[in-house]
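Number of protein chains: 2
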Amino acid sequence: MGGDFAPDAVIAGILLAQKELLPHQSLVLFGPQSLIESKLAEKGVPASAFEIIDCPDTIEMAASPVKSIMEKTESSLVKGFDYLKEDKIQGFASAGNTGAMLVGSVLKLGVVRENLRPCLISHVPQVNGGTAILSDVGANADCKPENLVDFAILSSCYAEFVLEIKNPRVGLINIGEEPEKGNALTITTNQLLSKIESLNFIGNIESRHTFTNHSDVLICSGFVGNVMIKLAEGLYEIFLRSGIKSPFLDSMNYESHGGSPILGVPKPVVVAHGISNDNAIKNMIGLTTRMVETQLCTKIKEAIQYA
Amino acid sequence: MGGDFAPDAVIAGILLAQKELLPHQSLVLFGPQSLIESKLAEKGVPASAFEIIDCPDTIEMAASPVKSIMEKTESSLVKGFDYLKEDKIQGFASAGNTGAMLVGSVLKLGVVRENLRPCLISHVPQVNGGTAILSDVGANADCKPENLVDFAILSSCYAEFVLEIKNPRVGLINIGEEPEKGNALTITTNQLLSKIESLNFIGNIESRHTFTNHSDVLICSGFVGNVMIKLAEGLYEIFLRSGIKSPFLDSMNYESHGGSPILGVPKPVVVAHGISNDNAIKNMIGLTTRMVETQLCTKIKEAIQYA
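Line by line, the protein sequences are chains A and B.
Its first residue numbered 4, the first sequence is counted upward by one per residue in the numbering used here.
Its first residue numbered 4, the second sequence is counted upward by one per residue in the numbering used here.
Possibly wrong hints are sitting among the right ones.
Copies of the same chain look alike in the list, so a pair counts if it works inside one copy or between any two.
Said to hold, decoys possible - Under the rule of at most 25 Å between Cα atoms (straight-line distance), these lysine to any residue pairs were calculated in the SDA-like manner: (1) 184 <-> 69; (2) 248 <-> 216; (3) 184 <-> 118; (4) 184 <-> 68.
Because the hints were derived from the structure by calculation, they are not lab data.
Next up, chain A with everything else stripped away, as it sits in the complex:
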């Protein structure tokens, strides 16, 4: 039931995703059983094609995250996390309330190391056709330098194992390239990142280089990252509406990656954009599947122990 166009876009996306699954992979659907069954029937698909977990409760997009997790125990969001925790499923994805997904993932799954704050990451298209990771994009509005170091380790693992970038370059978003430039947060973070030998830290990156293949991982506070992706989305919308055609503009479409992973929790969790259509839902499922198959969370647990 997650997202502005649920359940239709979600069901349509699930059917697209199912065609791309390998024999050992399968989808488990969480939502109101009768509604799912009738929507599948509309598409000529028997209910027996999927394992369906009946979840009569719904968490509204504007609802309080913590309250929703505590009270809506029969919602798809809470039941999905319960199944994930109990290893009945190996990854969990939703286009529902982002705040509730963040709170639910931490409350239900815990974090991979004491005092670690999970981050929400975003895929950022590059002019050369590649992809970089921007982290955090909204899980942590206020950050300490130590949080940004953790985001760097988590996101570097993601870039290495899920995006298959060898020795990913990690840059710190800043308002100057020199190490001594910036605000209190970035000046200290730069010093800390320079000491982490397992990271390929390349220094400060100005936001003008967000899309120009200067770095594979771009680190910032959740406030700054959220402002950055929403500014880029705003410009994308303006240029799209003005009828401009460009391969780079196409690559800025949120649909292409399907969602934002939450890193730092011990299981694969992906949150999709609220406006997700069927293609975005399909890609959200594909992304979650890659996070499972690459054993990302196991790699992250190792990396965060030794950093």
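Position chain B relative to chain A; hints supplied.
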């Protein structure tokens, strides 16, 4: 001597600007006298056409701002501020070192109220053809809520008197529209701004609405504002290089406004982009002239007293 293309672009811009001056307006040039005279001669302009103040020292773009101001007393930047302070000129503009311009303006001119921190503002094109103000864009990397309130008062005056926008709408850049959303800085700033009766505060604005005529003044910390304008510049460059044509893209050209005013000092000061060409220099001078003619600094002194 300010900017990457000085002195040629500056001289060319000055000659363009001079054609648009009113009879009671005149330009005073600060720089190495013999160089200015030979550059004017190349253009067939007699040195007597301008008052020229000989400034043999040069401040490099990468130089330390405070050190430069203290040591390079014969630079155009320091002499310009001296003339401004002594009312020998009424406004001062340069495409030189932004940090040195900020430090110089405060050290030489002071601020319009005790404990006030001046801000650097940027003109932001709107899809409807209008212009909004983003403030601060880099003078203050770390800000307290009180600083952001001052930026709002200063920038609202600018929008009202220089851009001639009646009762300008002031929005706070934030990662959610609800007053309780955001980081520690924006949550408190929202509460403070709501209490300032002289401001038309319309609440939080998400960065996706930076260009869509939601607000006339957009307030944020210098770190966030600097990241925003450089991200937009980066996308502008990408789309420009890909050969796209669009009126909105044209309006994103830094040349159109010619520079970033420093607000909160008692005299008109404008800093132009380091890459300024002749057209940008012309517009920088035109903007400084408007700030003088509209008596912006007098209006600001009144507004900041009564807020």
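Tested hints:
1. In this assembly of identical chains, residue 184 and residue 69 lie within 25 Å of each other by CA distance solely across copies; the values are 15 Å between and 38 Å within a copy.
2. Both within a single protomer and between protomers do residue 248 and residue 216 lie at most 25 Å apart by alpha-carbon distance, with minima of 21 Å and 24 Å respectively.
3. In this homomeric assembly, residue 184 and residue 118 come within 25 Å of each other (Cα to Cα) only across copies, at 23 Å, whereas the closest approach inside a single copy is 28 Å.
4. Taking identical chains as interchangeable, the C-alpha atoms of residue 184 and residue 68 lie at most 25 Å apart only when they sit on different chains, with a minimum of 13 Å there against 37 Å within one chain.
Checked against the numbered hints above, the structure violates none of them.
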